[in-house]
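Participant: Sequence:
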Amino acid sequence: MLEYEREKVNFAPIIKQLREENKITQTELAAKLGITNSVVSSYESGVKQPSHETIVKLAEYFHVTVDFLYGLEKNADKKTYIDIADLSEKSASNVRIIVNWLKSLENKQGVLQREYNELEENYDLLRYNLLRLNEDEAYEIEKKYGLSSSEQTKEKHEN
Numbered sequence: 035m036l037e038y039e040r041e042k043v044n045f046a047p048i049i050k051q052l053r054e055e056n057k058i059t060q061t062e063l064a065a066k067l068g069i070t071n072s073v074v075s076s077y078e079s080g081v082k083q084p085s086h087e088t089i090v091k092l093a094e095y096f097h098v099t100v101d102f103l104y105g106l107e108k109n110a111d112k113k114t115y116i117d118i119a120d121l122s123e124k125s126a127s128n129v130r131i132i133v134n135w136l137k138s139l140e141n142k143q144g145v146l147q148r149e150y151n152e153l154e155e156n157y158d159l160l161r162y163n164l165l166r167l168n169e170d171e172a173y174e175i176e177k178k179y180g181l182s183s184s185e186q187t188k189e190k191h192e193n
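As numbered in our numbering, residues 35 to 193 make up the sequence shown, in order.
Derived from the structure by calculation, the hints contain no laboratory data. You may find that some hints are simply not true.
[What the hints assert, rightly or not] Taking lysine to any residue pairs in the SDA-like style, the calculated list, with each CA pair at most 20 Å apart, reads:
1. Lys137 with Ser127
2. Lys124 with Tyr104
3. Lys66 with Lys42
4. Lys42 with Asp117
5. Lys50 with Gln83
6. Lys42 with Leu106
7. Lys66 with Leu106
8. Lys177 with Leu160
9. Lys91 with Leu165
10. Lys91 with Val73
Could you build all of it, start to finish, from the sequences and the hints given here?
Facilitator: Structure representation (structure tokens):
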């Protein structure tokens, strides 16, 4: 974004929300960013805007995108970034494999849950139909052999 566009963004609630969600103080955040506590306070109150460099540091520290800090992404929970820059290529590759495996596993769990819910609904429908069929069969047997039926059963079959 250009400098004048950065001035239009209200970073205050975003920075405060991220800091509070991560359970750190303004002083702790200031130390991580290499700035003073009063500067963090001024960001959170909207008095000052963070520099581009500070915005990048905030994104790296909180594992969110710069776009999220600019308000272009509404849900930081959907995209969390892991810093693997200091890992060897083999370790970085293993992290990517694990992340993809976890995504696949969650997707399969979602599919299995939907299939289970569908089976449960079908079971309930089948059970209802079997109970109804058995009730009808019981009525026919009662009628055939002149056995007594409840008034409710008689009314149901007469209608």
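Participant: Measure nothing beyond the straight line between the CA atoms of Lys137 and Ser127; if it is 20 Å or shorter, mark the hint as holding.
Facilitator: At roughly 15 Å apart (the allowed maximum being 20 Å), Ser127 and Lys137 satisfy the hint.
Participant: Hey, Lys42 versus Leu106, does the alpha-carbon distance stay inside 20 Å?
Facilitator: Judged against 20 Å, a Cα distance of about 13 Å means the pair holds.
Participant: Measure nothing beyond the straight line between the CA atoms of Lys50 and Gln83; if it is 20 Å or shorter, mark the hint as holding.
Facilitator: holds, 13 Å
Participant: Is it true that the CA of Lys177 sits at most 20 Å from the CA of Leu160?
Facilitator: violated, 25 Å
Participant: Check the hint pairing Lys66 with Leu106 against an upper bound of 20 Å on the C-alpha distance.
Facilitator: Distance of about 24 Å is beyond 20 Å: violated.
Participant: Is the Cα-Cα distance between Lys124 and Tyr104 20 Å or less?
Facilitator: Judged against 20 Å, a Cα distance of about 33 Å means the pair is violated.
Participant: Just to be careful, I want the Cα atoms of Lys91 and Val73 compared with a cutoff of 20 Å; is the pair within it?
Facilitator: With a Cα-Cα distance of about 14 Å, the restraint between Lys91 and Val73 holds, given a limit of 20 Å.
Participant: Is it true that the CA of Lys66 sits at most 20 Å from the CA of Lys42?
Facilitator: Outside the cut-off at roughly 25 Å; violated.
Participant: What's the verdict on Lys91 and Leu165, does the C-alpha distance respect the 20 Å limit or exceed it?
Facilitator: violated, 65 Å
Participant: Are Lys42 and Asp117 close enough, with their CA atoms no more than 20 Å apart?
Facilitator: violated, 29 Å
Of the numbered hints listed earlier, those contradicted by the structure are 2, 3, 4, 7, 8, 9.
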